[in-house]
Structures are given as structure tokens and as C-alpha cells.
Amino acid sequence: MVDVIKNTQMHCTYGCKTSKAVQPNVAGKMISKAKRPLLIVGSQVLKDEELLKRTIEIAKKADLPVAATGHSISGMVDSGVNAKYINVHSLATYLCDPNWKGLDGEGQYDTVIMLGHIKYYVNQVLSGLKSFSNLKTISIERFYIQNATMSFGNITPEVHVEALDELIENL
Amino acid sequence: MVDVIKNTQMHCTYGCKTSKAVQPNVAGKMISKAKRPLLIVGSQVLKDEELLKRTIEIAKKADLPVAATGHSISGMVDSGVNAKYINVHSLATYLCDPNWKGLDGEGQYDTVIMLGHIKYYVNQVLSGLKSFSNLKTISIERFYIQNATMSFGNITPEVHVEALDELIENL
Amino acid sequence: MSELTTGSFSIDDLENVQITINNIVGAIEKEAESSDVEMGPTVKPGVSSLRDWDHNVLDRYNAVYTPMCDQCCYCTFGPCDLSGNKEGACGIDLAGHNAREFMLRVITGAAAHSGHGRHLLHHLIGLYGKDHPLDVGATNIIAPNVQLVTGVQPKTLGDLDDVLSYVEEQITQLLAAVHMGQEGAAIDFESKALHGGMIDHVGMEISDIAQISCLEFPKADEEPPLADIGMGCIDSSKPTLIVIGHNVAAITDIIDYMDEKGLNETMELGGLCCTALDMTRYKAEDRTAPQAKIVGTLAKELKTIRSGIPDVIVVDEQCIRADVLEEASRLMIPVITTNDKVMYGLKDRSNDDIEDIIEDLTTGKEKGALMFDYEKLGELAPRLTIMMSEIRKQKGIKALPEEGDLKAIADTCVHCGACEVACPDSLPISEAFTRLSEGDLTKFEWIHDKCIACGRCEYACPKDIDVVDVIEKCSQSLISEEVGKVRAGRGPISDPEIREEGVNLVLGTTPGIVALVGCSNYPDGTKDLYTIADEMLRRNYIVVVSGCSAMDLGMYKNEDGLTLYEQYPSRFRSGGLMNTGSCVSNSHITGAVIKVAAIFAQKNISGNYEEIADYTLNRVGAVGVAWGAYSQKAASIGTGCNRLGVPVILGPHGSKYRRALISKPYEEDKWNVFDARDGSEMKIPAAPDYLLTTAETVEEMMPMLAKSCIRPSDNNMGRMIKLTHYIELTQKYLGVMPDDWHKFVRTETDLPLAKREDLLKILEAEHGWEIDWKRKKILSGPAMKSDVSAQPTNLKRLCKEA
Amino acid sequence: MSELTTGSFSIDDLENVQITINNIVGAIEKEAESSDVEMGPTVKPGVSSLRDWDHNVLDRYNAVYTPMCDQCCYCTFGPCDLSGNKEGACGIDLAGHNAREFMLRVITGAAAHSGHGRHLLHHLIGLYGKDHPLDVGATNIIAPNVQLVTGVQPKTLGDLDDVLSYVEEQITQLLAAVHMGQEGAAIDFESKALHGGMIDHVGMEISDIAQISCLEFPKADEEPPLADIGMGCIDSSKPTLIVIGHNVAAITDIIDYMDEKGLNETMELGGLCCTALDMTRYKAEDRTAPQAKIVGTLAKELKTIRSGIPDVIVVDEQCIRADVLEEASRLMIPVITTNDKVMYGLKDRSNDDIEDIIEDLTTGKEKGALMFDYEKLGELAPRLTIMMSEIRKQKGIKALPEEGDLKAIADTCVHCGACEVACPDSLPISEAFTRLSEGDLTKFEWIHDKCIACGRCEYACPKDIDVVDVIEKCSQSLISEEVGKVRAGRGPISDPEIREEGVNLVLGTTPGIVALVGCSNYPDGTKDLYTIADEMLRRNYIVVVSGCSAMDLGMYKNEDGLTLYEQYPSRFRSGGLMNTGSCVSNSHITGAVIKVAAIFAQKNISGNYEEIADYTLNRVGAVGVAWGAYSQKAASIGTGCNRLGVPVILGPHGSKYRRALISKPYEEDKWNVFDARDGSEMKIPAAPDYLLTTAETVEEMMPMLAKSCIRPSDNNMGRMIKLTHYIELTQKYLGVMPDDWHKFVRTETDLPLAKREDLLKILEAEHGWEIDWKRKKILSGPAMKSDVSAQPTNLKRLCKEA
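Residue numbers (the UniProt record's numbering), protein chains in the order written: chain D, 1 to 171; chain F, 1 to 171; chain W, 1 to 802; chain Z, 1 to 802.
Quick caveat, the hints were computed from the structure, so don't treat them as lab data.
It cannot be assumed that every hint is accurate.
Below are the SDA-like pairs computed for lysine to any residue, each with C-alpha atoms no more than 25 Å apart in a straight line [to be verified]:
hint: 1; chain 1: F; residue 1: 47; chain 2: W; residue 2: 443
hint: 2; chain 1: F; residue 1: 20; chain 2: D; residue 2: 77
hint: 3; chain 1: Z; residue 1: 450; chain 2: D; residue 2: 17
hint: 4; chain 1: D; residue 1: 17; chain 2: F; residue 2: 47
hint: 5; chain 1: Z; residue 1: 743; chain 2: D; residue 2: 17
hint: 6; chain 1: W; residue 1: 393; chain 2: W; residue 2: 232
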């Protein structure tokens, strides 16, 4: 089992509320249990093939709809994943709106999973969700993200890949 | 053994750096080991006789010089404790000055112990020491004080008295 | 055309054109010539003009930082971790950033006051014209702060306009320096903060002299009328209109309408915060007792709304709880906003018909309205109040829990302690619930007096208990007895008063001026303030109060049921107690200090800031106290005092301003000044030993006050009096002798008469001083000489050559 | 006296008195009459005057908060926990507080610009007099922002003075609202933020037109000269004087002195940040190539100092690293401060003899000096530079580590990763050290281009490694090649240019204006900006740049070694690339937009803000980009654009401004406007679908830019062109068709010609539109009608009755 919760160092705090460090197996199970999950994939997945591969695998295995932010969609064309491009700042705005019908018109989500984002950017965007929505946000990035509900700690790229593999096993 | 480190809830954070929660026996030993310690006693000791009694006991048993802030000195007259009145804000200023000679002219202190202070006030005053001095600050208040180097957690007045007793045993 | 002055005139051949001459270049110089008004070196000082003075003062009174946060989140390079005085991405360190943070608080406070002044001035010029004369009572120095800083001696409302533009320019310059990549040195942020504080007193003064001159306020009145104060003085059976804020401009029309329509018996008009104070000054120039009642301070806002008593609330600006609309609309109380600083998102109804607005508000279609037309407001608010009173009764609007439900509510408490962590003063709420469960209301009653009704406990409660409601309900009988008296704000101190008292202040025979200013929010309610004022008045200090402090002081009575206002004269003299007025009336306190230099010492004050500040620091024993937790305005008021050489003590919450100015008495070389007679150096006592600091308790503060008033210029009688109080207060409140009393002794005649022999013995035995016991004289020992004709100054340039 | 105007005159019988008439009451109205200048409804709007417009816009573009901290520490009631949108002790909630925080950033930026303007204006009026005429080139609208907001058409320097007082009054009013207990509604803080942004453009415009008019800057010049840029263009063998900041007022005397004494070959004069840009504009009106060199942006400051190349540093104001003095003095580089916003605690030497100052600085007795006398500075700085160069050589001052030591330094790294946590862009420093240990410098070279040299890594390092030094040393060969060309700032867009291009913009046949503004600090160096500009220029967008963006754009060259400045014309036309100038020249970008309405659409602009903003929002396809991490000024510049109806995209760091304005395209009722011809409602496309937002990557931003330029007023040709770019850019950068392209199609002629048939098929198959395949016409489907003569407006009041 990979331990990803040892290092939760942050450069700065956003206040008192801090995300719960979570292990990959637990995260995997939570994702599987979610009623209306959304995998939000950032453009950093394009910088690492291993990461992209696992991203696609997660989406497929858990049958997760994908919100592809930045230009990450370009890595998922013809991958068989149900992905739609959306700007992450807009998406976070809609996620706070109980009237939003989701990317598929089926209604608002209850859990979002963040992967492949720029660290400070995703933390910032999640800060809005933290205070202005009831959404559960699970960060499976390789950085500790304070403003998520749950997050991996700070890990190396290698450990990150292992952790994602373990997460996939638990889906 | 009294466990005083369970609850370290704060209302607000003063940044990333947070004091280490410490148990009474450990605190007691650290005080005993300090080369040049100073017990800084606040006026809240006057509100609780049990607290005042133990304050005096700590000072005597560990042979600690006492800086009596607020009007706490009025509770220590004729108690046999080596106490001097000083304003806590001024004291904290001098504690940041390497040239200060201490209350007794013998030189700067290396460890200060805080007891009997108003919670937000002592936390605020310690925030200056945290960033602008190398002093070790040990809070043995009944509240978790983020800006100390070490601190008890949040405890009830009853547990506080027990904790101080245990600390005294370990002096 | 040789009589051309500022003002307006028309020219025949330019039809429909009126020419306004705002400013005649050289006019100030000309006036100086013609009327022998000397100008000092810093007329309208810029950001750096008084920097030398600041650095001089800051060299002794060091900036002490206690950060609220060791991060910076100003710009998008960040957030940056500055802990341990690290540098952020822009290169600023924690000391620099904290100095900047403090400066920002100061200019926020200054902007609030001068923004208020600008609004008032626009309003009053609109009503009375630019040529309306300024009249603030028996004084030749109408605007001491304005004159000191800008050299301008304003005579009309219009004259204030230009001075206010100067204020706004300076505030903008200071705000600019807050920007990323500007000042890099903490000490220069400090100088900027001091500049902002000075500017604040100019802004406050403009605000207050404008309203005093136009709105028939008491004018340097030694016997202004008394007004009712307290939650208990509102007759809740009547329709009740409550106004909240700091700017009476919007409210005078309401008072006039009520007078005109004879509604004063029909309905209640009560106010919270400084608007309330200024309501009692309105048309009180002739000493008629005001109709309007003061409900209380900021700390009473939530409690007043929660009581359900107001039928309509009108807010103007400053110190208004941000949740007024939300809280009020839950109880079907319409809210009218009247100022662009506070608009609550409400629809602007200024151009709408009153009947339409009333329709929308009485039916609940709208929760409130924005109204900039004050004449309309004057009619709307009272009429609406009378209607809403009826409607709210009919609807059976219920506020606060029933007494019978209290136990059940208490039983829901799980005693998690979250409320106590959230409480700014860690009040024992959990214990009070335990007692309430047992049917005992007294612990909540006890809390009521300490609680500032901020409401943080309610947000923290996992069981959603409305804690504030419980506190208030448990304290109903206490609240109904909350009635007192406040003297309406008198405005400035008159020249005759200064003329009489100046010498006593400078020589020390009047031991000092203690100014109690700022907000309430005293965890121990009103009692602390009473204790301070009573003690100092008995000891013949001059006590000056303003704003919320002035209110709170009127809430506490002696055994005979008298407030301090009723016990002490309202004259500027030893043992006198004066309420100058609202927040902006704080400028009259610095104004009085400036006038001491101008009138008693015959100093030129025009554009002569440094010299007057130096005079104050070395000769005028004055000290300010802002005891409660407070907004940014206390930072600016206090900092303005500091630059002028007046020290200020804050309560423990004041540590959260994050910056103090504290000296080190053990740095002996810092306690020298020049003797202006010959430029020689002279040793001075280490007092005041701070310019801005905090005290932990009222007991600690008492001796601090006495010591803070000691000055190098004290004559022997003065020093003896001050030392007596310092020693007595230390003994009384700390139970010991002060350990530095001997440092203030220059000669045996400085020693308190009654204890002289005992003290001489101590000096001999403990400090090794040589005493001639026959003549009871000190032969050696004192570090300082006693020389009453010495002229202590920090400024080399003021010294004659040796 | 009928020709009496504002200005100064003397009167014979009043000796030594000069009368200045600042303002003639009714003059504006009179001029309006005489020259047919209409006045709009909001001349010099107060804080609430344009609130209706703001609420109108905010109803569609909602404020989106992403707090940097969920606490508030403004006042001493706090700190308060606002997480989960709780209320603090004063009743404010997290949304309200965040809106306030954003507003504070905006007015901080606005104050920086207008504080800069005030300083410049004082300085230039001192040199040139109040009557100095304003001249900014071929335009009848000298100051479009000033005129739009205040109704004033300034003709002289003196005319700007009064406008600036208005700006300062507004900033003070807004700062006042930051105070505890003022505004309670987030939406009204938003309105105040928008007000501050608008005011900022007035302040910027004043600054720039003042300096253009006095300092012989290019005046709406279509071919301003090229200047050298880059750390590589400084000849480090010569004595080097480096100036840093934003205000050229202090520097012109240095340039003049160097010219006069023939020092241009003897020594190097280089600048960082906007002062550098304005140095290249100084006396460039006649298109002579500037002598001064641009070293680079804020991101180059620390690297430049650490290189040890500067012999003397002169700073003025804004965007100067706070540690300049500390860093410079380690390398024995004296620092001269010249502005009261940045004084570094240095002694004021303005009144001292130059020789004494040189003595103190060359001997190291003082680390620097404060100098407000710019004439003296002009001589001091170059002379000192030449002397310090010799002294520093003799002393053997060593900067940066030796190449031979790099491996040893790398070996001390313990790979704890603290530097990467501290790095704003999480750069792989640890890995670079591993590689460096192996003798491979390339990873650090790679980092160099991404690193903004903030220095946070060094503070985080437990081994005290000077990481920035290592990065810089490893990249020496790269740095020596950092040379480029920047076109000197041209100033405003001329009236003839607008006259020619206006129609294309409004009809959409020129697909849009893309403005690249703001600071550098792009994690991908200069390449991102080049990519954007190159792509959009090829597509015939108009590209306007300013400030640090203008610098960075000059750093990247094509295969032929040409910068974009050398490839594209500097004219305001389709495919034109213009550098307007420094930070304050951003006002010319909004100025151009205002002029489109004034000149092309013949709209009155005086005091007519709302109508022009409405016109822009609905008809002018312009979009701003501020890509880097940035100071508060981007917040104010961007917010000023927003109120005028111009959307702005920020890079990912921009999310830390904590507030965006984002619409919800799925809220269909928000995408209606009125047709001014008859007041009927018309559907409009959901573009722009934000006013302020962020993009994650340059690739994502490309299609966003194209979509942001779509407007209801596009004719079919215009819509076709814009849609073509939107589809092509989405396909090129995201690899897919945009999923909302069909929503912008009103009729078949809106469809890109080349793909028309394919797209019609998709519309039929996927969206169920009815197609007449014979005539290739759309029979049903589009939500919007195509009606080029429609007059889309958000303002009911502008509509004719049906």
C-alpha cells in the first residue's frame, strides 16, 4: 500500500479549514460510492503520458463523466472517454449553482475529483467551492490541496502513479 | 496522566506555523531544563485561587523569576515569589532585544512560560516573539495558543488544575 | 477690485456666468503679512515633509509588531509565507508588511472620517452655501488641526472644501504606497502611518466644525443639556424608529418632520452609535433637552434588532453591522439606507413617490429602500414607522424566545465548547447553559454585561442555538433598567478655558488630561470606563470623552443614582468631565492640546506641526485611552495623537492592531533632549514610555495613566502631584510600590509631601542616594536636574546657539 | 473680460497677487452651448451614480468568489472565521468580505496610478506651468476617459489638476467603504469596485497625457522608433546605471545630463519596468532611436541585481522589489530613492552638496540616499556610476558563484522539496540540483525561462542555498543572448485611425481587438505572449500591448531574427500591432474603444458613461489579457475595462484576485437585450460569457479570445469571420469542435464559407435544424434573428417607444 498522507506541508494557509489527507484505496472507494460524480481533468495530464493513461483508465473503470479543463480535452479525443471541454473557473461557478443541470443535463453533481491541475490554480478554484457549495471535492493530485474536502499529500511523480494504480484497483 | 493535547481547535489561524501541543510532564521537564527561564504570569490568575496557588508553587519549586503582568502582582505580594510587575506588551518588546538585561540585570532569557493570560491577548503578544525572536515560549494556559512554541490544548478549568499539578511533579 | 477674495461673484457682461474664485495664489502669504500670521515650515505637508520628526520619535518609540497573520495575500504572486520575518515574492519582509498593514488600517479610518466629512460638506454647502460662516463658539482658532497642518484659517464652509481636497490627495498618496513594490522599509511605512493619523484629525475636524456651524450644535458649551441613554429608555409600546450610524445629515430632516407634525409623543426616535450622539446635539445650541434618545453603542445593535422593538431602521454610514438588513427583515422591520457607503443592494427609490415606497415596504414586497433625498426621508421614515408598528402588531411578529422555552433550548446544548472558542472574550457560555437548564438565569445575565453581541457564537453552534437571543431573553429585567444620562457633545474647548488652564497643564499642577475615546465593546460593559473616569476625576485630572465612550460613561450611576456627568462640571479644568461629541469630535481633544501651545505658549501654529508636536510631547501631560475592541478608526485617531506627541493606551483587544510604539527605558541614551535655551543636552524622565501600547486590565492601566502624564516641563509642585498619583495608584491597584518611582525624582521637592521622609529613606537605603537629613535635602543621586526654566525639545533647530 | 477662461492672470492694483481661476461655474454648460457639446447624465459620477449600470451587468456576469483566506483580520473584533460563508463579529459574511477585499485591491491599483499621476502633475506643472497645452497627436478627443467620466475636455496641464482632485475624492470615498461597519452587500462592493476601476482609467490617462504633452513622447505615432531590450544588451564592461520603477519624472534629468556631457558611450543606462519604457519614449517624438536600454520587467529585477552588473541603482515608484537596498548593498551598489512612496529609511540628501553625498556613498558610509531634487539627481547618478564602477572593480566585488563551485553547491541540496513547495510555480528545483550534481546545467537553464526570480525558494531552503544565483549562473549563455527590440510607446490611437477602422470593428469584419497588458511573470517566459500575438495577428485581429507585456513581446524572435514589432505595422487596423506605452498607457486602449463610439457612432461621450459602456458591451469586440501573476494594478485596469463592457482574461495566477465575473450561458433569460429602435426584446449570443475570468493554458485561451469578440452587432460577414476563427482555434488548440458554435449561428451566411455545407449537415443531424438543401438555407433552428440594423442595448431608457 502506498502511503500518500505523510507530507501535508503547504506554503500558506487559506484559513482554519484544511482538507483531510486521504489514502488512495479510501479515495477509490469514495469515488465508486458517489451518486453523481464528475472527474475534472486539468491540462497537466498532457505533460505526462503515464498520468494521462491512468486518467483515462479511472474515467473508464468508474464510468465517470469527464470535465476536461484547459486544453486537456486534446489528450482524450478518441480515447473512449465521455469528456467535454469546459473552463475550470466557469465549471466551479456552475457547481455552486443548485439550478445547473450538469454537463449532460442530468442535474447537479455531488462529488468531484480533481486530477491534472496546476497546484495553486486548483486550490484557488476549490476555495470557492469550499465556502459556497456543499459539494464533496476529492483531490488526487500529487500535491496537498488545502481547499479540497479530501486530498492526497505531497508526493513524487513516481509515487503518484503508484497511488493512482492503487486507487484504480479500488474503484 | 492527564491528556491535554486532544483539542487544538482555534477560532482563526495566524498563518502556517502552529505551536506543538505538549503534555504537562514534558512541559515540566523542559522548564526545569531551561538555562534562563522566566515565568510570565497574567492577571487571570487572580480570578481563580487554585490557579494562583499553583502558579506560586511552580515559581517556587522551579525557582523561576516571575514577570507579573496586568495587576497579577497584587496576588503575589508576600508569597515569597521573586516577582516584578511589568506590562506584557513592553516585556515582549524587550524579549526581542538581544541587549536587554532581563528583569534582574543578568541578561536575556531563553525560555518563557505563559500562565494566567487573556487568551487572545497572549496569542497576539506571542505572535511578535514567534517571528522576531529566537525565544522558546511555552504556554501552559487552558487554551491552545497557536503562536507559542509549545502549548497545552483546549481544556476545562478542572483538567487545567490537574495538568498543572502533573507539571509541578515533573519540575 | 482690491477687495477680491475667495467666493463667488457675477460679471455683468457675462450673462448667466458666475465666477467662483476658489483660491487666490499668494493669498495665504498675503494674509500672513497683513495680519502678522507667521507660517511654519510645513504648510500642507506631503508624505515626506514631516518624516524627520517621525524618525526622531520612532528612534525612541520603536515600532513593535505582533502580526495577526504571518502571510501576505495582497497580490497574485502570493500568498507568501513571511513567518520568521522571511521575505515574500516581492521582497517585502514581515516587519515591512505589518507596518504596511497597520498603515492601511490607519488610512482606512482616516478615509472613513474624511469620507464622512466630504459627504457632510457637500450636503451642508448644498443647504447653506459656500459662504456660510463657521462658528464653533468662543475661540479665535476655529480649526486648530486644519490650521496646524495646512496653515489655512477657515472662515466659511467653502474654505473647508479646499482643505478636504488636500486630505483626499494625501490619503490617495498613502493608499498608493500600499501597492506591491512600493515602500520597502518598515520605518517609512510607520512615517506614512503617522502622516495618515495626522490627516485624520484634519478630516475629523472639518466634519465636526461644519456640522456644529450649520446644525445649531452646542458651541464650546460648558453646560450642554443631558440626553437619555439606554435600551431601557425606549417606550416599546410606541412605534419606534431606530437610526444607526455616524452621519446625522440624513436624520435631521426626520427630527424636523417629527417636530413639525408633533410626533414626539406619538412615536420613539432612538439612535445607535454616533448618529445618536449627534441627534442629541442637533439644535441643542440653546440647551433645550433633546427629544431623541440614545439607545447605545455598536455593541447594542444586534440586541436592539433582536428585541424586535424597532419598527423601522434607518442607517447612514460607519459602524453599522453588515447584517442589519438580514436580521431586520426576519422580523419584518424595513431598512432604509441613505448613504452610498452602505446600500445593501437595495433599490434606489430617491426619485419615487413616497406612497409607492410605503406600499412596497408595508406589504413586504421590498425589504428596504435606498433613499438619497433626505427631505423625502424626513417624511417617509416617521410615517412608515407608525404604519409598520400597527402592521407588525397585527402580524404578531415574535422576537426572542418565550421564557418558558428557555430551559428546552438550554437542554439542546451539547457542551462542545465551540461557542466559547468562537467568542472574542471566551465567555463561559457552556456553563451558563448548564445553569439555565437548572432554571438559573443569572449566569446569562452576568454574560449579558460582558457580551458585545457579535453573534459569532451562533455561527459556531452545531445545534443552531440562537445564543444571543438566549442571553438577551435571560437579561430582560436588567435591560429594562438600562437607563442613563449623557451630556450632549459640547464641541471644542473655548479659548478662555485654555487660557485659564494652560499653565497648570504645562507645569503639571493639573496632573494631566485623560481622554477616553473610541468604541465600546468592553468585556466588562460600562463599569471599567466608569472606574477609570471616576478615579481620575477625583484626582483632579481633566477627563475628556467622545463617541461610544461618552455613551457608555453615562450608563453607570453612583449610589445616589447620578452619572458622572451629573457629578462633575463640563468645563476644561482640573476635575472637569467633558463630552466633546461624536467620533469626529475627537479632533477637539487634539485641538485643545494644539491650543495650549497657541494660547498659553503663544506659539505660531500655522503650518508648524513639528514644533507643536515637540511642545506637546515634552510639556503637555495628556494621554488617550481606547479601551474596547475597535474598528480601524481608533488606529487613525490614536496615530494622529501619537504624531502630535500624545500617548495612547489600548485595551488588550488593541494588540490586534498588530503594531505598538514602545520605548525601552533601559536605553538611557534615548532619554535626552535639548534645552532650547542653549542647545545643551538634558536628561529627561522615561515618560511617557510608549506612544501606543496596551494594558491588560483596568487595574494595570491606572498607574500607567499617571506615569504617562509626567513631562520634563513639570515644575516641582507638578512633579510632586503626578508622582503622588503614580505611587498611590500603583499601591492601590497593584498592591506594591512602583519600582521606578525614584527615576522621576529630581529634587526633594518633587517628592510627595506626606511621604517625603519615608521616601528619602528608601532613596538612601535602596538606591544609595546621599541625603542631608538635617535639611531633608538630596545631595546626590538624581539622574536629572530640576530646572523649571529649561526648554526641553527634541529639535536641534529650535535651539539658540550656546 | 468676456474672454475670461480658466487660467491665471494678474491685476494691476493688486501687486504680487496672481489670480487663478480654477473653474468657472457654468463654463462647461456654456461651452456645451457654444460648441454644441452635449452632456450626458453622469458628469463626475459619485459612488452610486452608475450603480444601476453595474447591477444590470452584474445580473448577467455574477461575482464569483474564490477566497485567498476565509478569515477576516481587518479590525480588533477579529480575527473572524468566515468559512462556509459565516458572518464575522461585525456581521459581514465571506462573500461580502471577499468583495471588499477585491475592491480594496482595485482602489490600491487605482491609487498607485493616480498617485503617480499626482506626482507627475506637480512636477510637470512646476516645470512647464499650468497653462502648458496638452498635445497627444492627431485627435480632437485629447482625453477620452476624462471626458467620458467627468465631461471635462482638458486643454492644459492645469485642467488636469481639478480632474485629479475628483479622482482622489472618489478613491477616498471608496476606501472609506472598506471600513468596518460600512457596506453589507457583496453586490454593492462590486459596484464600488467597478467605480474604482473606472476611476483608475481616468487617473492613468491624466498621467500619460501629461507626460506625453511635456516630455516629447511619440504622439499617436504610427511609427515610433525601436528600442533595445534584454539583459544581454547591456555592455557590462561599462559603468552601468540601472533605474527601476514606473515614474520617469526623476529620470529625465539623468538622460539630459548624460546627453549634455556626452556620456552615452562612456556608460550604460538601463531600466527595469515601466520607467524603462518611458525612458525610450522621452524625446522620441521625432523618432530618434533612444539611447537608454530596457533591461526587462519586474521578473528581471532580482536577477539584474544579483548579476552584480549595476554600479548604481535609482528607484522611483511602483513594482520595485522591496529588498532592492538590502540586495544591492551586499554587492556595494548604492541605491538612490527619489519618491516619497519608496524611501527605504534612507537619509534625505536633497539639500546636501553633491560632493558630500558622493563622499558618503563611495566610501560606503551610507548605503544609499534619498534625493528629491531631480536636477541634482541628474548629475549625481551618472557621476556616481562612473566612480562606483572603478571602486567596485578595485574591491573585486564578486556576484554569483563561480562555475567551478556549482557542483559543490548542488551537492549540499538534501532534496527535501521545501523550495518546490515555496515556488509559486512548483518548478522542479530538486531535480535540477540532481542534474547539476551530475554536471548537467540544462535543467536549470530550462527553469531560468520559467522562473520569475521571486526568491521564495531561498528562504525555504534549510541549507541556505542561493537558488536564484544558481539558476542565473547556469543560464549565463542564455542570458547573454537575451536581446530584442521593442517599439517605443506610441501613445493614443489617432482619430483618423479610428475613423477608418471603427466600422469594421462594429460590424465584426475586423474580428476584434486583443489587448495584452499587465505584468510579466509568465511561467513560460515570453513565449506564451508571442504565441498569442502571432496567432491573432495572422488572423487579422488588432493587437494592442502595453507595459511589461510590451517588453516581453519584444524578447521573442522568428526564424529570421525578427520580433513581431518588426513584422507587423504599428497602426490601429486589422493585423496591426501597437505598443501604447507604459502601464498608464493602458488608458489609451479604453480610450480607443471610447473613441469608436464617439467618432464612428457619433455618440456624445461627455459625462455619458453608461451609454458608451452599453455600446461597447454590445458592439465592440475587444478583449483584454493579463497573463502573468500580477500586482493590484491589473485588478484596477481590468475592472475599469469591465465597467466599460470589455471582458478580460487572466492567467491562472489571476484566480488569486479572488473574484471573477462569470455568466451562466444556460440561464437563457439573461441573454436578452432591447432593440433600441422600438424597445422590443431580442435574443443575443452568450458572448462574451464572462467579464473577468481565468484561463488555464494559452491553448485554452485561444478559442476563448475568438469567442469573446463575438457581439450582437456583427453583420453576417463579421459573424462568419469570428465564427471561423472560433472554430479553427478550438480545433487547432483543443483538437475538437467547440460544442456551442451553433448557438452563434443566426443564418446560413453566418457560417464559415469553406465549411458551410458540412456545418449545415451537423445542424440538421445533431441539432435538428431544418435546412432547405436546394437553396442551402436554414429554415428553422436558430434562436436568434439576423438583423444587422438592430440596435442592441441593455438600457431601456435609450429605446424609442414601440
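Hint compliance check: list the failing hint numbers for this structure, sorted ascending. Hints 2, 3, 4 and 5 contradicted; others consistent.
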